[in-house]
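Protein chains: 6
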Amino acid sequence: MPIVSLSEMTNGQEGDLFVLMTVKEELTTRDGKPYFKVAFRDHAREVNFPIWHDSPWGADCRDSWQPGTFYKVRGVFRDTNYGPQLELRKIREVCGADEADGFSPAMCLAQSRFDAREMFDELVAIAREKIEEQALRQLVVDLLEHNKNELLTLPAATRNHHAFVGGWLEHVLSVTRTSVFLANKYDQDYPEMRPRLNKSLVIAGAILHDIGKLREIKPQPQGAQYTASGNLIGHILQGRDIVREAATADGLPGDLLLRLEHIIVSHQRLPEWGSPKPPMTPEALIVHYADDLDAKYQMMVCILREDTNPGPVTSKKNVLYQKVYRGEE
Amino acid sequence: MPIVSLSEMTNGQEGDLFVLMTVKEELTTRDGKPYFKVAFRDHAREVNFPIWHDSPWGADCRDSWQPGTFYKVRGVFRDTNYGPQLELRKIREVCGADEADGFSPAMCLAQSRFDAREMFDELVAIAREKIEEQALRQLVVDLLEHNKNELLTLPAATRNHHAFVGGWLEHVLSVTRTSVFLANKYDQDYPEMRPRLNKSLVIAGAILHDIGKLREIKPQPQGAQYTASGNLIGHILQGRDIVREAATADGLPGDLLLRLEHIIVSHQRLPEWGSPKPPMTPEALIVHYADDLDAKYQMMVCILREDTNPGPVTSKKNVLYQKVYRGEE
Amino acid sequence: MPIVSLSEMTNGQEGDLFVLMTVKEELTTRDGKPYFKVAFRDHAREVNFPIWHDSPWGADCRDSWQPGTFYKVRGVFRDTNYGPQLELRKIREVCGADEADGFSPAMCLAQSRFDAREMFDELVAIAREKIEEQALRQLVVDLLEHNKNELLTLPAATRNHHAFVGGWLEHVLSVTRTSVFLANKYDQDYPEMRPRLNKSLVIAGAILHDIGKLREIKPQPQGAQYTASGNLIGHILQGRDIVREAATADGLPGDLLLRLEHIIVSHQRLPEWGSPKPPMTPEALIVHYADDLDAKYQMMVCILREDTNPGPVTSKKNVLYQKVYRGEE
Amino acid sequence: MPIVSLSEMTNGQEGDLFVLMTVKEELTTRDGKPYFKVAFRDHAREVNFPIWHDSPWGADCRDSWQPGTFYKVRGVFRDTNYGPQLELRKIREVCGADEADGFSPAMCLAQSRFDAREMFDELVAIAREKIEEQALRQLVVDLLEHNKNELLTLPAATRNHHAFVGGWLEHVLSVTRTSVFLANKYDQDYPEMRPRLNKSLVIAGAILHDIGKLREIKPQPQGAQYTASGNLIGHILQGRDIVREAATADGLPGDLLLRLEHIIVSHQRLPEWGSPKPPMTPEALIVHYADDLDAKYQMMVCILREDTNPGPVTSKKNVLYQKVYRGEE
Amino acid sequence: MPIVSLSEMTNGQEGDLFVLMTVKEELTTRDGKPYFKVAFRDHAREVNFPIWHDSPWGADCRDSWQPGTFYKVRGVFRDTNYGPQLELRKIREVCGADEADGFSPAMCLAQSRFDAREMFDELVAIAREKIEEQALRQLVVDLLEHNKNELLTLPAATRNHHAFVGGWLEHVLSVTRTSVFLANKYDQDYPEMRPRLNKSLVIAGAILHDIGKLREIKPQPQGAQYTASGNLIGHILQGRDIVREAATADGLPGDLLLRLEHIIVSHQRLPEWGSPKPPMTPEALIVHYADDLDAKYQMMVCILREDTNPGPVTSKKNVLYQKVYRGEE
Amino acid sequence: MPIVSLSEMTNGQEGDLFVLMTVKEELTTRDGKPYFKVAFRDHAREVNFPIWHDSPWGADCRDSWQPGTFYKVRGVFRDTNYGPQLELRKIREVCGADEADGFSPAMCLAQSRFDAREMFDELVAIAREKIEEQALRQLVVDLLEHNKNELLTLPAATRNHHAFVGGWLEHVLSVTRTSVFLANKYDQDYPEMRPRLNKSLVIAGAILHDIGKLREIKPQPQGAQYTASGNLIGHILQGRDIVREAATADGLPGDLLLRLEHIIVSHQRLPEWGSPKPPMTPEALIVHYADDLDAKYQMMVCILREDTNPGPVTSKKNVLYQKVYRGEE
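Line order of the protein sequences matches chains A, B, C, D, E and F.
The first sequence begins at 1 in this note's numbering and counts up one residue at a time.
The second sequence begins at 1 in this note's numbering and counts up one residue at a time.
The third sequence begins at 1 in this note's numbering and counts up one residue at a time.
The fourth sequence begins at 1 in this note's numbering and counts up one residue at a time.
The fifth sequence begins at 1 in this note's numbering and counts up one residue at a time.
The sixth sequence begins at 1 in this note's numbering and counts up one residue at a time.
No lab work stands behind these hints: they were computed from the structure.
There may be inaccurate statements among the hints.
Because identical chains cannot be distinguished in the list, a pair is counted as satisfied if it fits within a single copy or across any two copies.
Unchecked claim - In silico lysine to aspartate or glutamate, EDC-like type, Cα no more than 16 angstroms apart, as pairs:
#1 Lys72 / Glu99
#2 Lys296 / Asp189
#3 Lys148 / Glu118
For clarity, every value in this text was computed on a predicted model and none was experimentally measured.
Please work from the sequences and hints to get the whole structure.
Okay, structure coming up:
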């Protein structure tokens, strides 16, 4: 049986495939018939279907299948009126030998369209080239390098925007590119502003504004979760912690460190969005706008892709709580 | 007596100078002594001082001086504890012959740091080069050209931001440059978005988002005023009017016109800021952010320049209703 | 078999009837059994029931039935525990010959309790008799006459209030009657107000305040939808467009036109309700209150009629988001 | 010396006049010179001017003049740059004999343009004729008659709207007339509503909605003040008290009393405007709108009369916190 | 068959038990199968399960079972995947003779963990000992004694907090104890405050702040309901009524009564929470905080007990609309 | 000449006194006469008066007097119509020898009514006795001891509440006492809550909730100022920093530290009041209420003491933005 990819299967096709289990919920029909709702996914398609208690897979499902586990499955793909489904023929946990057949966990996870290492390298390169203050540059580069492993896969959020493997890098790189442009532009437009715009600080702030996600979010195969400290404290305060802890070592001048902390603390602008202080420096203002636009733009892209409402506008049941205009065909 | 510039005079210097009268208010001291508070300005400095009813200028001031009129004045400049003042020796209205001595109205008005014609030309050039749809390009170029005279001097607002001669051009050009960058960036980042980002539309929207100021604001030498329709209808709706009236002639396809109107209508995003609809297209989202950042940035620049609060932060009595951080010396 | 009316059938009665299909949704029971939820209505009753995929009508339903289409049906009416239902015996699309049997589309649509033509005539009569300024009267009468066909059936909204055939006329006539009373009353009470209340303007504003619905709403047999421009621009701005386009022809003096536009623009009073400007003239104030009360009153009438909550108050799940008091019985 | 009326004096005219002292504040000029700011008024004009400590009237002013007291004054009226003033020649408290010369307190108080007794009689007549339920009619008539003396002069508020002698009657009569119209109209429009609109209740509610002002406001010659219970409890709750206390005697059926109380409790609609509950009956809805429009309309009339801002719109510093459009001359 | 308690039964156990029916709703499965959803409870456990129309109990259930009725049941307890259920073997209404077997209604109702009579006695004791003003003490004691029967079982709310038999007493006693502490503390801390803190008033206010629940809530076996006046007027205003009616008899001095009324009126502090006035006296401030903390604390206790969300935080779908931190195991 | 205390001087009395200069502002009268507004204070009275440029003290005042400096003054106290004033006879800076005459800076500063050292000792004693977890107790005691010097004088705020020397201690001690009571009470009331209330944590949180004021506020003789980091970051985040830095040394278990940080972060409850997270633990809930009541109570005490509005209620121009009821005399 050939190894196939779930997201490329067509109606009626049978094959062996590697998938991640993402959901197992015990439910009952209204008239009392018990079943498990289960879901499996690869990087681009998710199928969900019932496993009846009294069906052949009922006992196995109850006793041993676990969300967050990778499985090798033989199944027939069905494109039904109730969405895409899978008729199971065989199922077992992935084992070491499967790597020889091409298995890797990444093949089952939603991830950035861009290569994580390339994004990481570009971010480091921007930091090295564009941050002129030595101590600040060192701080940023160190923080990226020391957390490289986690940053390569970290999502930007548990849902809302960039909620996929590599989402943090994709979002942060995009915000940083915009910030480089805006810092140059506004410095050129207002050379007489005092104190003069600190372009290095804008870039450092853009790269580090979401660094607290490292402590707020616990990525897991079946979807990211908030940590205890993420719930009780939040990424804005924890991002400032990470910078302060590192800054001690890097010898950043006090006022510069304070301005950098302020960019992180104020980057969501309003108290009800999590920022205890509004942007009070031009540098913080730029990072806030670059960040906010990038998040909202990605949300709009997702809504346009996923909304199934007929007609020229989408439903307003989405992360923006508003309609998006798709246009007349 | 040499012709001097008010904004370059030093304490005790006497000279002949051309100024604009901006204020004449009849007041009385607490103990009942009547006087006129008057103010005169050139492009960069404003002086204000009392004319006592019973002083030599009292009768002239009451009977003939008018705010909004240009005067040739001989006076001694005094930098007093109560701010800069002028001891009047002579005063008469400017006449035609004064142009020979270098008078022009513009020398008495606050104005953009940039050359209005160059800004205008750059805006037209962007429209010609970057807007690919023929009808849309024509619409934008026509609107700029037909309103060229007013646009060369129009402020962007009566106060708040870019409230000076040429302010509309300075603000709109800046927003347009940012929008060009963002349109290219996000189109490259999400080439698969459907409908695809219409970069021409972003640029047209950026150039025209504030076109309604032509009908909302009546520029006057002593400061811009709202028109009756500006008060009752507002620039957002009137900007859409201008575009719709012109579009009839230019034969813009319906859906494209609708999307362009929407950018104008939604560019302030929130109902309480004047937008009846939030940005519902990616194009509108970009123009909103480019516009909002530019306005807020210019406000922050002004606050940093003008605030006189001692210490590391400014007062919060300013157009942003918040403190701005200046830093420790 | 006699032709009967759906809304007059009793339990167990069989008959031939003309109905409009309003819903066809493909669903599945929790345990995976597929069916279509369908609904049919006449002017005063709607029935909905399942068509199982494997039932005799399953294939026809899937392949050819369409919401928005009129059908001649033979069926048995059942008043079941799950609401009123219909057992289908025969079903075919309505054809030309059915008019001979009394079919007309209107018999299947919810509509105003009042005769549309009479309401239209009364509205025109009020305009002719009570609007004293010639140009203003002409503008209003022309706009009514030119849009007569659409206005005879237009609903006032897609839901919320007066969401039925003729709803626009019913609501606008009611608002206009109230406005006639209030204009007379307040003009009499404050004859010394300057500028004096323009009663003609109040009446013109009342008649035209919702004229933009013509472009915002697309009436369809199965329920009104928002147009693209309705979504992106909204009826408040489009109503002003309609008036401005017509005013050019009718030669209305500028200040009068501006005041009329302002009534339309401000008639919902608050930005978050869609009005970019609050009522800034006494005329606009009157129209706002007459309109707001009429909409809220009709909502309350509907809630009292339709709510099924036991006890002296209704549920708060309704268009007013509050309880309504019905009283102890 | 002829007896004249302050509000009819012309510049330079001397005369004897009866006035009410409304203000006496001890102030000092910036450079330390002490004086009293005093004000006197008749029903339509107020003058204010300084009494210097060291002037002839200084000692009398400090020792014996009291705001809220009526004076007979001989003075010269001056229309100065600092507003209308009075040069005092003689001043003494009004005494009994002055009535022979035409003095009455009412001639010095701002008051309704309408005759208080006529308004009162009309209100009672409406109650007698239009309230059909016997007990309800009796309750309303009794409450009016028993409080007749206070109601003849009560203002509707300390400021904001109808803040003058007879203001309560003027406002309540106007609201009642509108409510009579609306009750008839909506009962006719929705005869099938259940429970049917209780027109008697609408009228009773309109007449009594502000009855709590009797306990909230303490009218005083120099301007109404809030009572202690007005501050701590407010007129909405106290109005309900008055009705409940009277209802015990009048034997109103429980549900009718409850609905009447609810009209009073909900007549300002929003919690932040003082209503703990929103209108939950059609009767309460009508009274709320009739009341709100009347208050706002009177505010707009006052703003148009009193605002001195040049140009087509008023300032926004007024009780409505918004601009009002006056129009181009 | 032994008499057992529903809340102590274990899986598979059969027994005779006394229960209260709390729910009977007629529903249908998605595929049209009709059933009744029924629920029964004792003081600490509720079971709910379907009664199919065509099952042996179908007819009895439809025809005679009523929520709010007590039943003697023989059944087998099942701890199923769909929650705790009961297999019915026998069922009949409770009759007089059952008291001999230990039946009392209270055994089927959720109730306070504390003895109602002891709480009542403690409350009266506090009033007697700590309220020094004679008339005030008498008023409070009288109100408690005259309403003793209702207060012994009254819940504090229909849901949200302390929504069980005896909940009013539990909440009020707790608020009163805190208020005694705070009154002593703040009087000691600010002995120089004028007027001095009236400790008796604090305690009287604490005891009576929710007395209006007597008229707002109608306790019923199957759960408390709002009365008509509770819906239209609310407990805050009705609590003040109760005090005012009693105060007439008790001869409370006017200012003291007013301050007491104010505590009741302001105890929820914000208009949107139901208080027309904010706390304007130190006494009202203390009662507000003691009350608010007690309600919120009890909500948090319930959320921690009932939330079933896995992980260190609860869901945010609860009466506080926020997550509560439970901690890592 | 005897040494006297400014706050005890009577009209016309002459004496030598030690005072702190708090204000020196250069102003001008409306008619252009320049002067300095100066103010001097001891611990309980402040006088302010003009020093005219051309008066004997004019030059000294301009050249050498500085706010924040202590002076020995000989003067005559005058209780004038313009408030209390001082006629200066002699003035010089305080010098070392003045201590022999009883001078200490504290005699010129507003300060707590309680002894700072006693409050400090009580706070430490509570920590030692009531915090059972060893590491937590050590952390709290260490933080208090290491910052003892600053804490002995720190105010609780720059204005609003407890804005005087020792204010931090007075406020924190009061909050802690209340928290001890509430922790005991609620632990006793809900012994079955899981996780059980951690009383030690409540007390630690109460003591440390405002510890960040150490970094937010810079106390200065003439009044406390915000530091740069106070402006850009705020005391809530900086308080958490202080605890985290100390906790590393004290080896506090992670979950306990996290809960303690959360109390600090959430103690102002709402985002717009500065708390990025609401109280999510019972411990945080208690500290929030104890803190909020104490601040509001002290504000009300100050308003009652300082408001000069005549009548039974204060003005609403105060830190609570509302009226406070004082009562009828």
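Evaluated hints:
1. Lys72 / Glu99: This pair counts as within: shortest intra-copy Cα distance 11 angstroms, inter-copy 63 angstroms.
2. Lys296 / Asp189: between (27 angstroms within a copy, 14 angstroms between copies)
3. Lys148 / Glu118: within (12 angstroms within a copy, 47 angstroms between copies)
Consistency with the previously given hints is maintained throughout, with no hint failing.
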